[in-house]
Each structure stands twice: as C-alpha cells, then as structure tokens.
Amino acid sequence: MNKIKCECGHVNPEGTVLCEACGKPIEGNQHIDGNDEKKLLNMRYEGSARRSQTYNKSIIDKTWGFFSSVKVGVWLIVLALIASALGSILPQEMYIPADAPSRDPAIFYEERYGVFGLIFYQLGFHNLYSSWWYMLLIALIGVSLVICSIDRFVPLYKALKKQKAKRHSTFLRRQRLFSETESINENDLDTVKERLKKQRYKVRDEDGHILAEKGRFSRWGPYVNHIGLIIILLAAILRMTPIMYLDEYIWIREGEQLVIPGTEGQFYIENEQFLLENHDPNDEVFGEAIEMEGEMIASNYQTDLIIYEAKNDVAGADPDLEKIVEDELRMNHPVKFDRYTLYQSGYQLNEFSNMSFDIVEEDGDGEALGTFTVDLSSPETSYELDSGFQVEVSQYFPDFYMDEDGNPASETNFPRNPGFVFLVYPPESDTAEVSFIGIGRNIDATGDNNYSLSINDFDMRAASGITVRVDYTLPFFGLGAAIFMIGVIQGMYWQHRRIWLRPTSDGVMLAAHTNKNWHGVQKDIEKAIDGTKINMVEDQQELDE
Amino acid sequence: MSTSMLLDISNAMLFTAFILYLIATFFFGATIRDKRSKHKKGIAGKIGITITIIGFLAQLVYFITRWMASGHAPVSNLFEFTTFLGMSIVLAFIIIYFIYKTGVLGLFALPVAMIIIAYASIFPTEVSPLVPSLQSYWLQIHVITVSLGQGILAISFVAGLIYLIRQIDQTVRSKRTTWLEIVLFTIFLFIGFIVSTSIFNFMDYEATFEYTEQNALTTTEYHLPAIAGPAGGELMTEGAMEPWFEAPGWMQGEDAGRKFNTVIWSFLTGTLIYLLARLVLRKRIGKAMQPLLKNVKPDLLDEINYRSVTIGFPVFTLGGLIFASIWAQIAWDRFWGWDPKEVWALITWFFYAAYLHLRLSRGWHGEKSAWLAVGGFAIILFNLIVVNLVFAGLHSYA
Amino acid sequence: MSLDERKRNKKNKKKNRLIFRSAVLAILLGAVIFALVNNLQQDNNIYRAGDQAPDFKLEQVSENNDLETIQLSELQGKGVMLNFWGTWCEPCKDEMPYMEELYPKYKDEIEIVAVSLDATELVIHRFIDSYGLSFPIPHDATGEVKDLYKIGPIPSTFFIDPEGEIVEVVEGALSLESLEGHLQEIRPAS
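Protein chains in written order, with my numbering: chain R, 1 to 545; chain L, 1001 to 1398; chain A, 2001 to 2190.
FYI, nobody ran anything at the bench for these hints, they're computed from the structure. Hints should not be assumed to be uniformly reliable.
As the list claims (entries may be wrong) - Derived lysine to any residue pairs resembling SDA-like cross-links, with alpha carbons at most 20 Å apart:
no., chain 1, residue 1, chain 2, residue 2
1, A, 2014, R, 58
2, A, 2146, R, 258
3, A, 2150, R, 240
4, R, 3, A, 2005
5, L, 1297, L, 1364
6, R, 323, R, 310
7, R, 323, R, 255
8, A, 2014, R, 154
9, A, 2150, R, 250
10, R, 5, A, 2006
11, R, 158, A, 2013
12, A, 2011, R, 60
13, A, 2014, R, 65
14, A, 2093, R, 3
15, R, 3, R, 57
16, R, 57, A, 2018
17, A, 2150, R, 495
18, A, 2014, R, 258
19, A, 2093, A, 2126
20, R, 158, R, 215
21, A, 2093, R, 403
22, A, 2150, R, 246
23, A, 2015, R, 65
24, R, 336, L, 1328
25, R, 198, R, 527
26, R, 158, R, 14
27, R, 3, A, 2009
28, R, 71, L, 1351
29, A, 2015, R, 60
30, R, 57, A, 2025
31, A, 2013, R, 65
Next comes chain R alone, as it looks inside the complex (with noise of 0.2 Å):
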C-alpha cells in the first residue's frame, strides 16, 4: 500500500480513514472504522491511521497490534473485575478473625465455610491479591495501557494539527450535527464568527470556510491520565524492592528501652507509657450509643514515647543515647522521625512486670515475716531473705491455666496471669514447704504448711504494637495519583467542540462535532446563529434502534 493522495492535495499515511486536512472520507478505508454501515462519521481518533491496524508481519507487530487494541484492553479490565470480585467473597489469609479457632488457612475455610471454603482456599484464592496470576493480569492491563496509548496519541496529535478549516461537504453533511441553509444575508458569516469569537472559540477562516474549535485540550485529557496510572503502578513495582520500602512490627513494653527494628542499631525507642481511654458511657449525647453497644467504646490508644540516636556506636560498647523526639503516638496520628514513620497498631493490656509477696505465719497475727519482689521478665531462681527465709522458684507460669489433665501449665509466653510454685526454707530449716500462689489462687499443696504467701503488692503494665516503615514511594503513587486527576479532569470536565461553517453558492453548510455534551455545543450554535438565517442544526444520530 502506498500513502494516499486527497484531493484536497494532502497526502495520508496509509490506513488513514478520514482526510487528515479536509476530512473527505478515503474510499476503500471505510470498514475501518465502521463508516460503511452508518450515515454519520465515526469520528475517534480522527479517523487518521492507527499504525497498529496497517502492519501485521513480525511476531513483534502482532504483538503490539494484540496489545493496542481497546477491546483487549477493556477485556482485561473485565478480567481484573471478575477475580477482584472472587476474592472478596472469602475473607483473605490477613482477615481471618483473631479469635478464629484456628487461624491456620488449610484448616480455617474448610472449618467455617465447609467444602466451599476447601475449595476457595486450594485455589489460592486466600492470598488472590498477591497471587502471581492476579499481579500478572494488572501487569498487562498496564502494558495495553502503554501501547494503546502511544499507538493512538501519535496519529490523534499529527490529525489535530493538520486539520483544514476548509472541510470536504461529505465529511460535513455525515457529521451528527448538521444544517444547510439555500441562502443566507452578506454579513450572516461575521456575525456568527464575531458570537463564536465571544464564546471562546478559536476562529480560522481559510477562504470563507470557517472553523471554530475550543477545548482541545481536553483531548489530550485520557493520554495524561495514563500516564498518571503508568506511575502508579511503576510505583507498585518500586515498593516490592527492599531499599524503597520497610516494614517491621516492634512490641514494647511500659518502661522498656529497646533498639527499633529495622535501623540496624541506630534509633531506640521507649515507651513511657500505654494509655487506652473510653468514651464516657454516661456522656450526654453518646450515652444511649454506648447503652446499646453494651461495652465501652475506646476513645483513644496511645503510647507516650521517646526516641533516641545511637552515637558512637562502638562494637561491645553501650551507645550514647540521645534524645531526639518525645511524642504521643495516636491512631490517625502517625510519629515521624528520621526516615521512619511509627503507627500506633496494636496493644496488650493488663501484662505483670512484677509481684511482691509477704511471709506470714499461718496462726500468728499475720505479720509479715519478710517480703520479697519477683522481677516477672527474668525471675531469679531463689530469693534469700533478710529474715532468714530462703525462697525458691520451682515453677514459674506466666499465663497460669489447668490444662486437660489438671496439671498446671502456661497457656501464652506472656505474664497475664502469673502462678508460682514457692519452695519456702524458714530460717535455718532444710525442709521447704510447698505454697502454690497465683492471682485469687493460694493453695497449701500438704496441708500443713506452717507458713503462707499471700500477694502484697503487684504492677502492671501494658505493651504496645508499633509498626516501623519506611516507604520511599509514597511521593511516586501521590504524584501518579494527582496526574490521573488532572487527566480525568481535564479530558471530561471540558469537552473538545468544532463548528464548521462551509460555503456555497448563496448559502451555508453548517455541523459542528465534540466528543461529549453535545447539548452544550448545540446551545452555543444557537447562540451564535440567533437571529440570522442560518438553520438550526439537526440531530441526525442513529441511536441503537
């Protein structure tokens, strides 16, 4: 095939449907864009020549033809539509309730979804987001979104630059919006390019033949919004890479000091303290909120903190702390320090640190014979009183519970309900007698015991979650983010109008075209040729029916 000569004198690229200058539909090219079952011109694209649609060779052409194809494209949107859908039926691995039965997937689906939930989770479907077919079906929609796009930008751009304001009567006469007047007054034309003129458009007149267009640039407004998606989901690619982005969970403890993770040594952070407040149950307007919730309802998690700089970071040597940043951190109120953003995630009330335990004589006048402190996060295995006793631990159980067999045991690592099994010596005595204590629990194991335990005094603390990220590529998903707005904006909150005003012999040929609000361009025509002889456009679509 060779280019194509218009009569208009322009010379096409081949494929083209529609003369790039006059407009004159290029016989033999019509099935192209359907023009040869229709009345009235498919104008998208301008009807100029998709290059996909001209080659066919090479593996890479048919390639890219595959791939710059709208119907493909929309295809993959329905695709990704469908198994976004699918997975959403289930709750995902990450959603499975804590207070699940067991949180293990494999036994989790089938467990409370029965063989519906077998099969959800053999598919994968558990972790569909993250699987390789969901990534790989996003991946291509961002390919198709590339080659669709420079595939039609090129031509649309080279189309809207080349146009003529002197249009072939064909392209007029099938445009949706169309009037031929016989015979009009001399100065029907300047009038009506003057009101053009008035409303923002840009007038050309070659010889007579008129063309007023505005708000092209709106036509540009689907490439830009691309673009915006393009870095979005290079963004996407980005944050999968470790040096873009970081994310670890820390548990610290009320008081404690601990080194944050991920900052290999150089930050650390303390809490001061946790703090979980409620709102108010007899409060005025929230009270009969809270009544039907039957609980409290939180008002704010908290944990007071402090971080601090590792200096002189000597092997073996304790770092010199400094203090860099005392903050509160909130839910909704993320701290900021260095590199790093700290999230209030998570908390564990009503953890011990420490108990305290009296000596008492069994039948004295209750007394304390002595006193002394367990340290619950390292326990010492004997305490040597300065009354003589000796205590031993013999067993420690940080989350006391009886297990099936009626033995005591620990149900968690974690001091929530501490039991202890005390070996007590009194003062030069080789023989202990056995004490059992824990909270509500002081059990003589013999019988004849002729001292007790009892708790004097306890603390208690509560830990607190913190996640620590660190994600270079926020910037990348808001820059990406605010391209596509100004993209969608710009390609639909403004529409693209041309009016086309030909002569003829004593008269006027007139249609006008625009990508959407065709309400609107007819309103401004009606403006422009108010009182003038010039007929009103019609509407000349063929809707489906």
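Here the structure of chain R is known, so what remains is to put chains L and A in place on it, guided by the hints.
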C-alpha cells in the same frame, strides 16, 4: 441549645425532607403529561424542583444540626452514611436538572433517593462516638466525596433506566424485556421494604431476642415479626411470633439475623405488590410505563447517562480511591489493604472505566450504555448492602 | 523524490518503527517479569526445603550440655535438627521426649538444637529439669532468630543437612517414627 434539642430538630428535618421529596415526585410525575414541557418548561417541573430544593435544604439542616450535636460529621456509621448518600443523589439530581431541565428524571431520581434514606433506617440511628481509627478530618473528606461521586453516578443509572423503559421494544417478550422487568422488580423489593417496615413501625411491633455473638450474650430488637431469628437466638418477648427458622451462621456482623429478616420481609412484600401491580395492569410493568415516557427524548437521556458518568467518575475516584488511600495510610499504616469495601470500590472503578472505554472506543451508545449504567449502580448498591451485611471488614463500624 | 529514494525512505521508516516497538515491548516485558519475580521472592522470604539455612548465634542455657554458645555455621559437617519451641506450647512438650530418646543414638552425626522462644530463662531450666533433656537449648530471648526464620506457630522444625541446606521443614509436632525418618535423611554420608 442543648444537644438533645439539636437532635430533635435534626430528626424532624430529615423526616421533613423525606416528605418533601415525596411531594416533589408527584409534581415531576405531572410533567410527563405536559406535552409542551420540552420547550416551555411546564409549571409542574418548576414547582417540583423548588420543593426538591427546599427538601434538600431541610436535609442539609438535618446534617448540620447532627454535626453540631455530635461534634463530628454525621457520616460515621451506616445510618449516617446511607442517609447522606440519599442526600447526594438529590444534590446530583438538582445539578443535572439545571443543566438539562428534564422533569422526568426527578420522577425516578427522587424515589431512588427516598428508598436509600428509608434503607438507612434499619441501622441504629443513635449518635455514636468515634472509635480512634475514625478520629480524623479525613473521615468527612473521604466519605463526603465518595458519596457525592456515587450520587452523581446514581443519576446515570436513573437516566439509563428511563432510557430502557422508553426504548426497549415491548411488543414481544424478549431477553431484554425480561431483564428490564427484573430491574423493575428489584425496585419493587425496595418498595416492599419501605411498606413492610412502615406498617410494623406504625403498629409499634417489637420482639427481643437473645443470642451469642463472638462469645458475648447480645440482645437484638426486631421491629418486624421474625421469620428468620438470629442464629442461636431465643425469643424473649411474650406474645411475639416465634421465628420459622434461624438465620444462617455465616452471616456476620452485628444484628445479621435482624437484617436478614428484613430482607425476607422486603422480598415477600415487594413480590406481593409486584404481583398485584401485574394483576391490575395485565402486562409487564415496563410495558405499562412505556407510553408515559414517549415525550422524553432518548438521545437526551443517553447524554445525561454519559454526562453523569463523566462528572461522577472523577469525583468517585478522588473520594473512593485517592482520599481513601491517603487516610488509610495515616490510620492503618498502609494505603491499600484489600479489605472487602476497598476491593468493591476498586471494582466500581474498574466497571466505570470499562464503561468509558466501551463508549469512547467501541461505540457503545444508547441501549448498551444504559444497561451498563444500571449495572454500575447495581455494583454501588452491592457495596452498600451486601458487603456491609455479609462481608465483615474494616468499614463495618455500625 | 525518485522512486528508489521513496522506497528506501519507507524501508527506513518501517525499520525505525520496528525498533521502537521492540524497545517498548522489551521494557514492558522487563517490568512485568521484574514485578512477578519480586512477588515470588516475597513469598520466598520463608525458608523452604532447598534453601541454605541462615546462620545465627545464641547462648546455650541448658546446664546438661557443655556448649556455651551455638552457632549454626560451626555445626557444618553434622546434620542439624533445628527445633523452635516454648514451654507453654503443648505439642512441643509432646515431642521433646522423642527428641531426647533419639539424641544419644544420633549424637555423633546429628546435633539437635532446640531453640526456646520463652521470655524467661527460669522456666526453661525448670522444663529441662523435669524432662531431663541433654541436647543443647539456645535461648532466643529477643526473638531475633525467630524473626530470621519467620517462625509462625510452634513447634516448627528444620532438618538441615551437613552442607547447611534445609532438607525438610515440619510445622507441628513430630511422632517418634517421623522424627527418626527425618533424622535419617540428614545423616552425613559415610
């Protein structure tokens, strides 16, 4: 002014707005008889839009007074959000009305808004305090934008629906007439919902159930006779109807049983009304409505459908995806977490993106476009109703 | 323009177009592959059979064993059964006697390293005493090694061959037979 007084005003204003929308609907109904309404705007349309605007202002007063009373934007639970969605639809309708001056749009848009406001009433209406994760000014920015976007998209559904009723060939029964009838039947279900809840509300029906949820004994109050009781629930009120069966256990979230029961009642009542209507009209509802719409220009409906999507899509993207992500990043340390509600916002976005591409590049105008608009709104409603009722996620606060 | 020139021109244009398209497709393909590979690697953060076991060094707390510290790399040449456990974990308690039973038999070829995830040393000592365990028990007090091996529920056991490669990962308790079977797999070839 005391907060309880503010709340009284607030509730009264919401009710006023609802009634005004109802009245306005009748005036918009009158416009379709007005043969000249195309060019010289009929008086009925003018009265209709005036009443609509007054109704909207009343609802705005509801919104502001409730905000003043609670100290936070009243978009923090499902009652408040759903009510606000209804308000957004009215606002979107007012805007589109002033562009296109089509009264018939109001005849369909206002009932849709009313149905949604009525739906809101199945959720607890008390002013609830904010949990820590919601205490952010992003709450109002995110929710208001999302619901505005959805409101505008709802207008595209309304225009699409009118288009379908107007254009589909009703002389013979076809796949298309059946589908249209299904869409209309769904609307009857919502009407069934309003009718059944209003009747029993009027009768002051009440039945209390006790059941265990998440290892805690909870009570729930039914305002409709229990066809489906809560899973593992026990009837506490004497003389109330014993449930016929229990709601399935996989339905999660608060008061799942009660909500499920409401669905059953709506279905039964809606079907009943539908069958009665069919009996009286002796033809498909779509066929019966078609002649009423013959004065409406289909290409104008097609344009309204498309225009609403072009206006609504950017707003929805901004609120439902971008603002949502920014807030999620601040509150939960990740901007995207594949929570069901997030996923369905993405699905909505995918759907309208497909709509736009099909329309622009593949020439899906007219009827195809109208079907897509109906489908898009179905997804929005699915996200509002099913995702909240069945899928428990981060958004199910209410 | 002569016909020849025009032909050449067209050929050039075509060639340029092909180069351009190939370049764009290559970049896109690269990005897609990069994304997919990265995604797979994230799943691979968990150590699986076939991976080299990451090295660690911990203090050994059992008084029944002479070692003061345990460093994985120093055990090369011997098979290693790396077990993660805690005193509060019921299934861990169940498998401990089996490990103790087989330890003397395989001692010269295989080291059993049972990393305790307990918070306090006291409970470990009491546990060792009541079960009479003789294999080395390092104490991962800070949870560093637990994070390194991405341990979820315990018990979790890694069977590592004399070259330091993970042969098998078992989540959950072992029976005496299965334990012995796995130990057989990691014996040094003699």
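Going through the hints against the structure:
{"no.": "1", "hint": "A:2014 / R:58", "result": "holds, 11 Å"}
{"no.": "2", "hint": "A:2146 / R:258", "result": "holds, 17 Å"}
{"no.": "3", "hint": "A:2150 / R:240", "result": "holds, 18 Å"}
{"no.": "4", "hint": "R:3 / A:2005", "result": "holds, 15 Å"}
{"no.": "5", "hint": "L:1297 / L:1364", "result": "holds, 18 Å"}
{"no.": "6", "hint": "R:323 / R:310", "result": "holds, 9 Å"}
{"no.": "7", "hint": "R:323 / R:255", "result": "holds, 15 Å"}
{"no.": "8", "hint": "A:2014 / R:154", "result": "holds, 16 Å"}
{"no.": "9", "hint": "A:2150 / R:250", "result": "holds, 15 Å"}
{"no.": "10", "hint": "R:5 / A:2006", "result": "holds, 15 Å"}
{"no.": "11", "hint": "R:158 / A:2013", "result": "holds, 17 Å"}
{"no.": "12", "hint": "A:2011 / R:60", "result": "holds, 17 Å"}
{"no.": "13", "hint": "A:2014 / R:65", "result": "holds, 15 Å"}
{"no.": "14", "hint": "A:2093 / R:3", "result": "violated, 83 Å"}
{"no.": "15", "hint": "R:3 / R:57", "result": "holds, 18 Å"}
{"no.": "16", "hint": "R:57 / A:2018", "result": "holds, 10 Å"}
{"no.": "17", "hint": "A:2150 / R:495", "result": "violated, 55 Å"}
{"no.": "18", "hint": "A:2014 / R:258", "result": "violated, 64 Å"}
{"no.": "19", "hint": "A:2093 / A:2126", "result": "holds, 13 Å"}
{"no.": "20", "hint": "R:158 / R:215", "result": "holds, 17 Å"}
{"no.": "21", "hint": "A:2093 / R:403", "result": "holds, 13 Å"}
{"no.": "22", "hint": "A:2150 / R:246", "result": "holds, 16 Å"}
{"no.": "23", "hint": "A:2015 / R:65", "result": "holds, 16 Å"}
{"no.": "24", "hint": "R:336 / L:1328", "result": "holds, 16 Å"}
{"no.": "25", "hint": "R:198 / R:527", "result": "holds, 10 Å"}
{"no.": "26", "hint": "R:158 / R:14", "result": "holds, 14 Å"}
{"no.": "27", "hint": "R:3 / A:2009", "result": "holds, 12 Å"}
{"no.": "28", "hint": "R:71 / L:1351", "result": "holds, 14 Å"}
{"no.": "29", "hint": "A:2015 / R:60", "result": "holds, 12 Å"}
{"no.": "30", "hint": "R:57 / A:2025", "result": "holds, 16 Å"}
{"no.": "31", "hint": "A:2013 / R:65", "result": "holds, 18 Å"}
Violated hints, in rising order: 14, 17, 18; the structure is consistent with all others.
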